[in-house]
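Line order of the protein sequences matches chains A and B.
Residues in the first sequence are numbered from 1 upward in steps of one, following our numbering.
Residues in the second sequence are numbered from 1 upward in steps of one, following our numbering.
Note that these hints are calculated values from the structure, not bench results.
For every residue, glycine included, the Cβ atom is placed at its ideal position computed from N, Cα and C.
Where hints are given, some of them may not hold.
As the list claims (entries may be wrong) - Computed spacing ranges between beta-carbons, pair by pair:
id: 1; chain 1: B; residue 1: Trp278; chain 2: A; residue 2: Ser223; range: 57 to 63 Å
id: 2; chain 1: B; residue 1: Val83; chain 2: A; residue 2: His63; range: 40 to 46 Å
id: 3; chain 1: A; residue 1: Arg19; chain 2: B; residue 2: Trp278; range: 50 to 56 Å
id: 4; chain 1: A; residue 1: Gly28; chain 2: B; residue 2: Ala155; range: 32 to 38 Å
id: 5; chain 1: A; residue 1: Pro224; chain 2: B; residue 2: Trp278; range: 54 to 60 Å
id: 6; chain 1: B; residue 1: Leu276; chain 2: A; residue 2: Arg199; range: 28 to 34 Å
id: 7; chain 1: A; residue 1: Arg19; chain 2: B; residue 2: Val269; range: 51 to 57 Å
What the hints assert, rightly or not - Derived coverage of chain A by chain B (criterion: at least 3 residues anywhere in the stretch with Cβ under 8 Å from a Cβ of chain B; other residues may be distant):
id: 8; region: 18-24
id: 9; region: 94-100
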Amino acid sequence: MTLASTVVRFDEVTLGYGRRPAVHHLDGEIPAGSLMAVVGPNGAGKSTLLKGIVGTLKPLDGHIRLKGPASGIAYLPQAAEIDRSFPLSVYDLVAMGLWTRSGLFGGISRRDRTRIEEALAAVGLIGFERRPISTLSGGQMQRALFARLLLQDAPVILLDEPFTAIDAKTTADLLALVRRWHDESRTVVAVLHDLDMVRRTFPQTLLIAREPVAWGETGEVLSPENLLRARRMVEAHDPHADVCHRSAA
Amino acid sequence: MLDLLYAPFAEFEFMQRALVGVIAIALGGGPVGVFLMLRRMSLTGDAMAHAILPGAAVGYLLAGLSLPAMTVGGLFAGVIVAVAAGLVSRFTALKEDASLAAFYLLSLALGVTIVSLRGSNVDLLHVLFGTVLALDDSTLLLLASISTATVLALAVLYRPLVLECVDPIFLRSVSRSGTPTHLIFLGLVVMNLVGGFHALGTLLAVGMMMLPAAASRFWTSDITMMMIVSIAVGIVSGFSGLLLSFHAELPAGPAIILSAGAIYVVSLVLGREGGLLWLAWPGRHLEA
Numbered sequence: 001m002t003l004a005s006t007v008v009r010f011d012e013v014t015l016g017y018g019r020r021p022a023v024h025h026l027d028g029e030i031p032a033g034s035l036m037a038v039v040g041p042n043g044a045g046k047s048t049l050l051k052g053i054v055g056t057l058k059p060l061d062g063h064i065r066l067k068g069p070a071s072g073i074a075y076l077p078q079a080a081e082i083d084r085s086f087p088l089s090v091y092d093l094v095a096m097g098l099w100t101r102s103g104l105f106g107g108i109s110r111r112d113r114t115r116i117e118e119a120l121a122a123v124g125l126i127g128f129e130r131r132p133i134s135t136l137s138g139g140q141m142q143r144a145l146f147a148r149l150l151l152q153d154a155p156v157i158l159l160d161e162p163f164t165a166i167d168a169k170t171t172a173d174l175l176a177l178v179r180r181w182h183d184e185s186r187t188v189v190a191v192l193h194d195l196d197m198v199r200r201t202f203p204q205t206l207l208i209a210r211e212p213v214a215w216g217e218t219g220e221v222l223s224p225e226n227l228l229r230a231r232r233m234v235e236a237h238d239p240h241a242d243v244c245h246r247s248a249a
Numbered sequence: 001m002l003d004l005l006y007a008p009f010a011e012f013e014f015m016q017r018a019l020v021g022v023i024a025i026a027l028g029g030g031p032v033g034v035f036l037m038l039r040r041m042s043l044t045g046d047a048m049a050h051a052i053l054p055g056a057a058v059g060y061l062l063a064g065l066s067l068p069a070m071t072v073g074g075l076f077a078g079v080i081v082a083v084a085a086g087l088v089s090r091f092t093a094l095k096e097d098a099s100l101a102a103f104y105l106l107s108l109a110l111g112v113t114i115v116s117l118r119g120s121n122v123d124l125l126h127v128l129f130g131t132v133l134a135l136d137d138s139t140l141l142l143l144a145s146i147s148t149a150t151v152l153a154l155a156v157l158y159r160p161l162v163l164e165c166v167d168p169i170f171l172r173s174v175s176r177s178g179t180p181t182h183l184i185f186l187g188l189v190v191m192n193l194v195g196g197f198h199a200l201g202t203l204l205a206v207g208m209m210m211l212p213a214a215a216s217r218f219w220t221s222d223i224t225m226m227m228i229v230s231i232a233v234g235i236v237s238g239f240s241g242l243l244l245s246f247h248a249e250l251p252a253g254p255a256i257i258l259s260a261g262a263i264y265v266v267s268l269v270l271g272r273e274g275g276l277l278w279l280a281w282p283g284r285h286l287e288a
């Protein structure tokens, strides 16, 4: 695998809060066009890893190297982090996906309007344009956010637990979009808990439990032994933890 | 009868000036208030209004009741408190509301002390409640410039301001404009408070921001409409407050804020978007 086909490269990356690592010494790379699941118990550092890639969290140690600008990454955080009470229409929420093109002032052209409509149609939200986001159900909100991702048209897409608390029909519809992105050779990284879904849809998997447990072909990574190792992760803080001396290079 | 509505303005120049002043304040203050409200910073506005006082008071101490000295002092103090509160909340365990409360109490006490060092009680009343009936040319010019700058700046910052309220993480992932937007917005808040301070004083300046904004929320859930409604509410309450003070011989500043308050209460009860009346009698549920 050559470096040119790598989208994200981790060099002994440690990410965390305060001085406590949430992702400890991760080393490896995400090849362009891969469809990768990130799996692990709660508190394993999965969301932290995505924040590190997007750049909202700086590594405590090591380097994360991106190919291309950070604006080439579309990031869907866990749903709970949006102010749903804000008076905003579904149309405006979805139109935000055009930010990288229209920026502060750019107008929305006729072509952009067509694209917004196409995105709404792709997620099954035609007829919802004028509805305030406060009236959407959890599944409808997730559909709207996927429409925004469609408009962002980014080569790299990061999804943080996109199907948690979402019904089967919506999950199937949105998963179809994920497959479409993969067919368009975009790179998709998704934090997931449903191992059956991972086995069915995601060829690559990173199993993480603060320390990376296994990374590669999904079938090999999700072996009973690896899953058992991941489950043994210690969650509690050790108040007397020593300074880590593992080489950072 | 109609006479009562315009005669005071036709007859007295000080009433005309006061009206122009409150219209300027309403134009800038309304939209800023809407964003303060949407960003859940209503009390921040209140706190910053008090924070302006010691700066204006130092200006007063050095130069008496001088427009430039008190304006510069107020801007300076407002910015310092805004930045200090922001820093304290970012780097310590204290949340922004608690640190702002600490700073504004401090500033209010300090400001009143400084004014009393030199001035009479009349001057203290001037600083606390303003002199909307004694606006001179340069003050009117200042108020007009502030509202012009505010409307222009909000037009430019509209998208990041909205986006930062709804989905700050998304904004951070597509643009670095979040932090500068927030700082410029705080600057606009301070500027409008200093303008309002000259007319309405440090205690009531924030009233022309928050009351029209809060009233507008009960009539529409569209942000643009909210800003327009808040401006209209501000102008109407300025107009009716001045008339009320003229005919009933009430102090002008409090009369204006009371008018705005009355409009707020009416909106709270009758407003189509979640007013109390509609909550109490919503009508029978629909088919779908």
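Comparing the hints with the structure gives:
B:Trp278 and A:Ser223 have their C-beta atoms about 60 Å apart, which keeps the hinted 57 to 63 Å range intact. Between B:Val83 and A:His63 the beta carbon distance is about 32 Å. The supplied range of 40 to 46 Å is therefore violated. Checked against the given bound of 50 to 56 Å, the beta carbons of A:Arg19 and B:Trp278, roughly 53 Å apart, stay inside it. Between A:Gly28 and B:Ala155, the C-beta spacing of about 47 Å breaks the proposed range 32 to 38 Å.
The beta-carbon spacing between A:Pro224 and B:Trp278, approximately 59 Å, falls within the hinted interval of 54 to 60 Å. The hint said 28 to 34 Å for the Cβ distance between B:Leu276 and A:Arg199, and at roughly 54 Å that hint is violated. Take A:Arg19 and B:Val269: their Cβ atoms lie about 54 Å apart, and the range 51 to 57 Å holds. Interface restraint, the region 18-24 of chain A with chain B: violated (0 residues with C-beta to C-beta distance below 8 Å; minimum three).
Check on the region 94-100 of chain A: 3 of its residues sit with their Cβ under 8 Å from a Cβ of chain B, so the three-residue criterion for coverage holds.
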